[in-house]
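> Here is what each chain is made of, one letter per residue.
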Amino acid sequence: MQLPIYLDYAATTPVDPRVATAMAECLTIESNFGNPASRSHQFGWKAEEAVENARRNVADLLNADPREIVWTSGATEADNLAIKGAAHFYHRKGKHIVTSKIEHKAVLDSCRQLEREGYEVTYLDPDSNGLISPETVEKALRPDTILVSLMHVNNEIGVVNDIEAIGEVTRRHKVVFHVDAAQSAGKLDIDLEKMQVDLMSLTAHKLYGPKGIGALYVRRKPRVRIEPQIHGGGHERGMRSGTLATHQIVGMGEAYRIAGEEMHEEARRTLALRDRLLRGLEDIEEVYVNGDLTHRSPGNLNISFNFVEGESLMMALRELALSSGSACTSASLEPSYVLRALGRNDELAHSSLRISIGRFTTEEDIDYAIERIHYAVAKLRELSPLWDMYKDGVDLDQVQWAAH
Amino acid sequence: MAYSDKVLDHYENPRNVGRLDDADANVGTGMVGAPACGDVMRLQIKVDGDGVIEDAKFKTYGCGSAIASSSLLTEWVKGRSLDDATQIRNKDIADELGLPPVKIHCSVLAEDAIKAAIADVRKKQEQTEE
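Just so you know, the sequences run in chain order A and B.
Okay, so the first sequence: first residue is -6 according to our numbering, each after it adds one.
Okay, so the second sequence: first residue is -4 according to our numbering, each after it adds one.
If you are wondering where the hints come from, they were derived from the structure by calculation, not from laboratory data.
Some clues are possibly wrong.
[Claimed, not checked] If the Cβ cut is set under 7 Å, some of the chain A residues that face chain B in the computed set are: (1) L376; (2) S377; (3) P378; (4) L379; (5) M382; (6) A395.
[Stated by the list, open to error] Not the full set, but computed from the structure, chain A residues with beta-carbon under 8 Å of chain B: (7) F300; (8) E304; (9) S305; (10) M308; (11) D339; (12) D381; (13) G386; (14) L389.
Even for Gly, the Cβ is constructed at its ideal location relative to N, Cα and C.
Take these sequences, add in the hints, and give me the full structure.
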C-alpha cells in the first residue's frame, strides 16, 4: 500500500494509462500532431479523423449524435457557454432562470453574472437529502422562464437528481434544460434519447481523462440555440472557436470509450467499497451521512463527525487525501454552502469529510482509511470541549456563544 | 495548507489537555469562540495563594492552528502571575508558531481565552473575599 491514499476522485482522477498512451500519439512530428482544421493536407485530415472518432465516443456514451458535441476546455467553460449562451440567445423570450443553491460555482457564478446583466434567477432549495424534485422545479417556472440549470450528481454529496423526470417538466413548458454532468458521465447511465436534456456539460478529468478538456452537448432535435462566448475561427459550428486540442480531445474520447465498456462493472466495485467504508464508520458515535444514500453516485461518501472540526480532522488524516466541507482557511470561516443548504447546522457542516472512491481504490485502502478515521475522531474528541459538553448532557444550541 | 513544525508538534502532542474543577474558587475558565465559526477554546487556569498560575488546562474544537495556539498558551502561562499573563499578546503566539495570515484569528482567540480565564478567576476571588 502506498501512502498517502488517494480518496478524492470527485476532485479529479488520475489519467488511465490507456488514455495516456492514446494522447501521446498526438504530439510529436512522428505522430498525429496536425491541426484538425487544416483542410489542405493529410496532417490535418488525420487529426480531424482522430477528433471525430473521439466525438463519436463521447456521443456514444450518452446515446447522442456526434454533431451534438461541442468541445470546450472543461465543464466550467461548458457551464458558462450553456448558461450565458442560452440566456443571451433567448433573452427576447424572457429573462428568468431557475437553478439551485447547491450547484457548482461555475453555474452559480454564471447566474450571478447574468443577474448583473439584468436577468432574474431563482435559486431552489434542495430537500434535506440534497435532492431537487420535478415538482419544485415546476412550481418555480414562470411565463418568462427561459432556462433551468441543475446538476445531475452533486460534487460534494454525490446525490443524483432525477433529470429524466425534470426534463419532462421543462420540455412541457418549453424551457431549455441544462444539466451539469461533470460528476455523473461515465458513472451513471445517461441516455439523451430518453432524457429530455437540452444542454449537458461534460468533463474528461473526473473520468480518468486529462484536465483541460470537456464538452457541451447541444441538442439538435428539437434544436437548441446558444450564443457563442468565445469568438474566432468559427470552430465547432461557430459555437466555440479555437484550435482543437487534438491530444486532449483524443484523451477524452478514449476515457469515454473505456467508460462505455467498463462503467457498470466499475460502479458495482466502487459501490461495494463505499458500503464497506460506511459499515466501518457507522459504529462511531454521532456520525451523520450527508445527502440521500439511495439516490447517490456509487463512489461518494460525505459524512459528518459531530464535535470534531473538519480541518483538524484532515490534519489528523494526512495519510488520506480527501476533502473537508469546512473551509476554515479564510477569515470568514464559512462551512460548506452545500451542507448549509441541506439544513445541516454549522457544527455538522464544519465536521464533514468527503471521501470519493474510484478506479484504483482497493479494499486495503478502505480498511486503512477506516482505522485511521476511528483513531483521528477519538483523538480529536478527547481534545474537544464540545464533546465534553455533549457527554455532560449540555444542549449546545442553548449555549450563548461569544461569536467572533 | 502547509503547517509549521511547531504547529504540527503541538497538534501531534498537545500539552496540558484536560479539565480543572470549575467549582474551585482558584480556578478560572475562559470559553471563547463558537461552533458556528469552527472553533471553540476552553482554557482553565488554577492560581496559588500568591496569585501565580500553578496549572493550566485546555480543550479546543478547531483547526490545527487553534489547537496549537491554545496548547502553547498553557505552557506559557504556567508559573506566571496573573498580571504577567495578561501581557501575552496574540502576536507573540502567532510569531512563535509561524501562523500564516489566514490563521491569525486562532491566536486572537487564544488571547481572548486567557483574558477571559483571568477575569473569571479574579471575579471568583473577589466574591470569596467579600
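> Taking the hints in turn, state whether each one holds.
Hint by hint, here is what the structure shows:
1. The beta carbon of A/L376 comes within 6 Å of a beta carbon in chain B, closer than 7 Å, and the hint placing it at the interface holds.
2. With its C-beta approaching chain B no nearer than about 4 Å, A/S377 sits inside the 7 Å limit, and its interface hint holds.
3. Given hint, A/P378 at the interface with chain B, holds; its Cβ is 4 Å from that chain's nearest Cβ, closer than 7 Å.
4. Restraint check, A/L379 versus chain B: the minimum CB separation of about 5 Å is within 7 Å; hint holds.
5. A cut of 7 Å between beta carbons decides the hint on A/M382: the least distance to chain B is about 9 Å, and the hint is violated.
6. The criterion of a C-beta within 7 Å of any C-beta in chain B is met by A/A395, whose closest approach is roughly 6 Å, and the hint holds.
7. With a least beta-carbon distance of about 7 Å to chain B, the hint placing A/F300 at the interface is held under the 8 Å criterion.
8. The closest approach between the C-beta of A/E304 and any C-beta of chain B is roughly 4 Å, which is under the 8 Å cut-off, so the hint is satisfied.
9. Interface hint status for A/S305: upheld, as the beta-carbon distance to the closest one in chain B is roughly 5 Å, under 8 Å.
10. For A/M308, the interface hint holds, since its Cβ comes within 8 Å of a Cβ in chain B; the closest pair sits about 4 Å apart.
11. Interface restraint check for A/D339: the shortest CB-CB distance to chain B comes to about 4 Å, inside 8 Å, so the restraint holds.
12. Against a cut-off of 8 Å between C-beta atoms, the interface hint on A/D381 holds, since the closest Cβ of chain B lies about 6 Å away.
13. Here the hint on A/G386 is broken, as its CB sits about 15 Å from the closest CB of chain B, past 8 Å.
14. With its C-beta approaching chain B no nearer than about 6 Å, A/L389 sits inside the 8 Å limit, and its interface hint holds.
The structure fails to meet hints 5 and 13 from the earlier list, while all remaining hints are met.
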